[in-house]
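**Q** Chains as they are written, first to last, in the numbering used here: chain A, 1 to 348; chain B, 1 to 348; chain C, 1 to 348.
Quick caveat, the hints were computed from the structure, so don't treat them as lab data. Given the structure is predicted, the values throughout are model-derived calculations rather than measurements. Beta carbons are placed, not taken as given, at the ideal position from N, Cα and C, and that holds for glycine. A few of these clues could be false.
Unchecked claim - Here are the simulated DSBU-like cross-link-like pairs (lysine-lysine), alpha carbons at most 30 Å apart as the crow flies: (1) A:Lys257 with A:Lys338; (2) B:Lys46 with A:Lys257; (3) C:Lys2 with B:Lys191.
As the list claims (entries may be wrong) - Which residues of chain C face chain A? A partial, calculated answer using Cβ under 8 Å: (4) Gln153; (5) Gly176; (6) Asp177; (7) Thr184; (8) Ile281; (9) Ser301; (10) Leu329.
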Amino acid sequence: MKLAAIAQHLDCLLEGDGNIEIRGLAGIEDAGPDELTFLSNLKYVKKLKNCRAGAIILSPDTPKTKISRLVSKTPYLSFARAVNLFHEPLEPTPGIHPTASIASTAQLGEDYSIGANVVIGEDARIGDRAILHPNVTIYPHVRIGDDFLAHSQVVVRERSVIGNRVSLQNGAVIGGDGFGFAPTEDASFEKIAQAGIVTLEDDVDIGSNTCVDRATIGETRIKSGTKIDNLVQIGHGSVVGENTALAAQVGLAGSTKVGNRVMLGGQVGAAGHLTIGDDVIAIAQTGIAKDVEAGSRVSGSPQLDVRVWRRNYYVLQRLPELLRRVRSLERQLSEHDKVKKGTGASDP
Amino acid sequence: MKLAAIAQHLDCLLEGDGNIEIRGLAGIEDAGPDELTFLSNLKYVKKLKNCRAGAIILSPDTPKTKISRLVSKTPYLSFARAVNLFHEPLEPTPGIHPTASIASTAQLGEDYSIGANVVIGEDARIGDRAILHPNVTIYPHVRIGDDFLAHSQVVVRERSVIGNRVSLQNGAVIGGDGFGFAPTEDASFEKIAQAGIVTLEDDVDIGSNTCVDRATIGETRIKSGTKIDNLVQIGHGSVVGENTALAAQVGLAGSTKVGNRVMLGGQVGAAGHLTIGDDVIAIAQTGIAKDVEAGSRVSGSPQLDVRVWRRNYYVLQRLPELLRRVRSLERQLSEHDKVKKGTGASDP
Amino acid sequence: MKLAAIAQHLDCLLEGDGNIEIRGLAGIEDAGPDELTFLSNLKYVKKLKNCRAGAIILSPDTPKTKISRLVSKTPYLSFARAVNLFHEPLEPTPGIHPTASIASTAQLGEDYSIGANVVIGEDARIGDRAILHPNVTIYPHVRIGDDFLAHSQVVVRERSVIGNRVSLQNGAVIGGDGFGFAPTEDASFEKIAQAGIVTLEDDVDIGSNTCVDRATIGETRIKSGTKIDNLVQIGHGSVVGENTALAAQVGLAGSTKVGNRVMLGGQVGAAGHLTIGDDVIAIAQTGIAKDVEAGSRVSGSPQLDVRVWRRNYYVLQRLPELLRRVRSLERQLSEHDKVKKGTGASDP
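Pulled out of the complex, with its shape left as it was, chain A reads as follows (with noise of 0.2 Å):
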């Protein structure tokens, strides 16, 4: 694909020779002169230097280069419109497959893929353009709108009801039952039946092995837009807003309220019956203990905001130190008092 078709599709600024023959994209690193690459950090700048590209997505306040460039106000987005621009997505079979088993009282909508041993259980309705890989289990009574995705191994448990255009990744399971077991007089467990749903609204992505517990009553709810990442675990009755984005392994335990644009990194874990507010950042592996105000930024177990956990930290990484300080503080004040004593001593 030549270059200049390349910019109008990506409606980028083009910046030397719109002839060249694009095959393909690659790292800034990897990019050969047949292949184009991206810069949107600008800390990586120096790279720019040993890059063999053929032609650079990078923002209008990039230095000067060589290289043809693609200007975008917003380089990563034009990346990622690049790299769907040359993907071959794999092409689903259409219609059923003779081993599925899809309940009498199923519905399905249009134009589907249905792969092997996927089963679809009673009274379960699916919208039009269904792509279900093969083992795909579908629980009954689901309510799912149109352009669903699932990958081989999903899960998704009875009366889930799933919104247009969501995707799930290999594994992932929605609607399994909540972590609910009350403890009797005897220090034994009584399970509570897990009554609640799962809500997943449009545009949500689930990745893999990601658990979505329903509720105990009521529902568990993912709004729309947000994106979950893989080994996520979201427990019972949790909310988590729209535009969210949460990272690998992170964990919410029960009734968590999340907001919109949240972006929560790896191996966060949140308490239950919190709050966290709108456009909160959370660093990785924070231990979210208590409510985090909206538009705050968080880091450490338990958090912290993070401009008081980066001074903390400072003092944190010396302490060593500043034990050693205070121990030379106690010698010279005690030398102080001998000094005094020896002079009180030899007084009159």
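Model the placement of chains B and C on the given structure of chain A, informed by the hints.
**A** Just chains B and C now, with coordinates in the frame of chain A:
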């Protein structure tokens, strides 16, 4: 269902109008006039004021309200039973789905429900009233008791031994190979056969995508009544006691011994070859690096007694202030010394 | 099996009665008179006293005992081989189960065992002696070498490249989509096609429910001999070196570079776009936030050199005492000042 009938079922004292028709359960903030709610943690007592529920389950020491009450010494347990009362569980289809593959030497008890694509290996034995949802895989030579429940995508590996009333949420893996590799002289690894088994005793519940590894030799054992949440890792040769609760994303390395009635919070990790005594509570994200005495509460990574940890944490949050105070002391002392030297110098 | 024969098989020096009949292996505390045990960590040497094993594998520097001994310079490796000697692995059923769905363009080598409901996609190529347990899904266009072992519920996504002697425990997902979403101007996310692949080199072992994500462009690569435990997350574009071991619940964000012979403890997390050098050891729960030099040992979150971390931790545990000492210094100094002022005031 009339409130009076519910009171009788739950063995609660009814205070108020027994004729109220209750149609379901809801949280204290969401419940409407035909719903029952509960208050088990007096921390939330102020929520009573705006509560619109038809009735509420609460403990005898809760302040009086206008809402009809079901008084219980264990309100959370009564609530659990109320949920179970209203819950209509998924009705499993009796019999064996035609797509299931059951080895001729496998034995099933009575009244089973075996879903689509379920695979049961040679010489597997499963007791009465088993429910196996679609796409479950039971390897050869397992021994499973009565009232077994396995949700879709569950795997029970060869020779695992499972008691009565055990339930496994979706994607749980019982008896996968432990992480056993011996380093060789050339720094590569040699696989150690994981020749042991997993034993799950009666009334154990395992969460979605949780892994309980088989032992190298001997067994990994989860004792009766223990409940394990999602995405938990139980390393090979570990033993977890009775009526213990492990929250989501907990990880036990190999040969960990966990006592009875222990509670490990979310994302707690325990190093291998150590013992966690009975009745221990570990706060979320605790890193357990050495033995924990029975009855203690621990926090931090590596763990400290929670009282010690709290005192440390109090200072930890004030480290920059502590540094300032040390600096100030240093300045003052240095002033002293100057003054003294000055004085000394002016000594005649 | 006679102890003398075992000694020969394991290439160990026999000291004691070679005629003892050994029927299996057991831990040092559990082993009986017809069992073989081992002692590899001299920390546990006092356990020898009550050991009732028929024989024991140990290193030349272990104190003498009455038990018959197999002396080995690498006792753990010899133990591993002894386990393998006694282990009777699951015998896979040769051939293809009638319920398996194998695309007509897929190619299998010789001597395979393909379980029930296995699905193999178009143009997939798998080498000799493959064992695929029930309910495994192999997507189209994969390339897999000889001696491949995939346990039930495993997924290998489209175009993945897998070497020889690779084994995947249950529920592992190889090549799921990476977590790639570009923020748009309205704060929503746009999916970036994950157009790259995953490559697993020879002799790689992957644990249960572990996820190795495919790259956005290029590849995610796990190099030869590397062993990965359960519930691990490998982000897109990461490269993990040779003979490296990642313990359970480790998480690598995107584009992490991990060296050879690295050992990451359980629940370690690494931020993206960083490099962990060869032979690095990270203690469990370490948060790796920046590059780690080859050969170093790190701990803490964010990580510190383990020696620095230990010195810090020593003080960290004594923070309340440190605060008291600072307070005491402040009091003493303030006393001094008072005395001085007092003296000064009484100056004539």
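**Q** Find the hints from earlier in the document that the structure breaks and name them by number, from lowest to highest.
**A** 1 and 8
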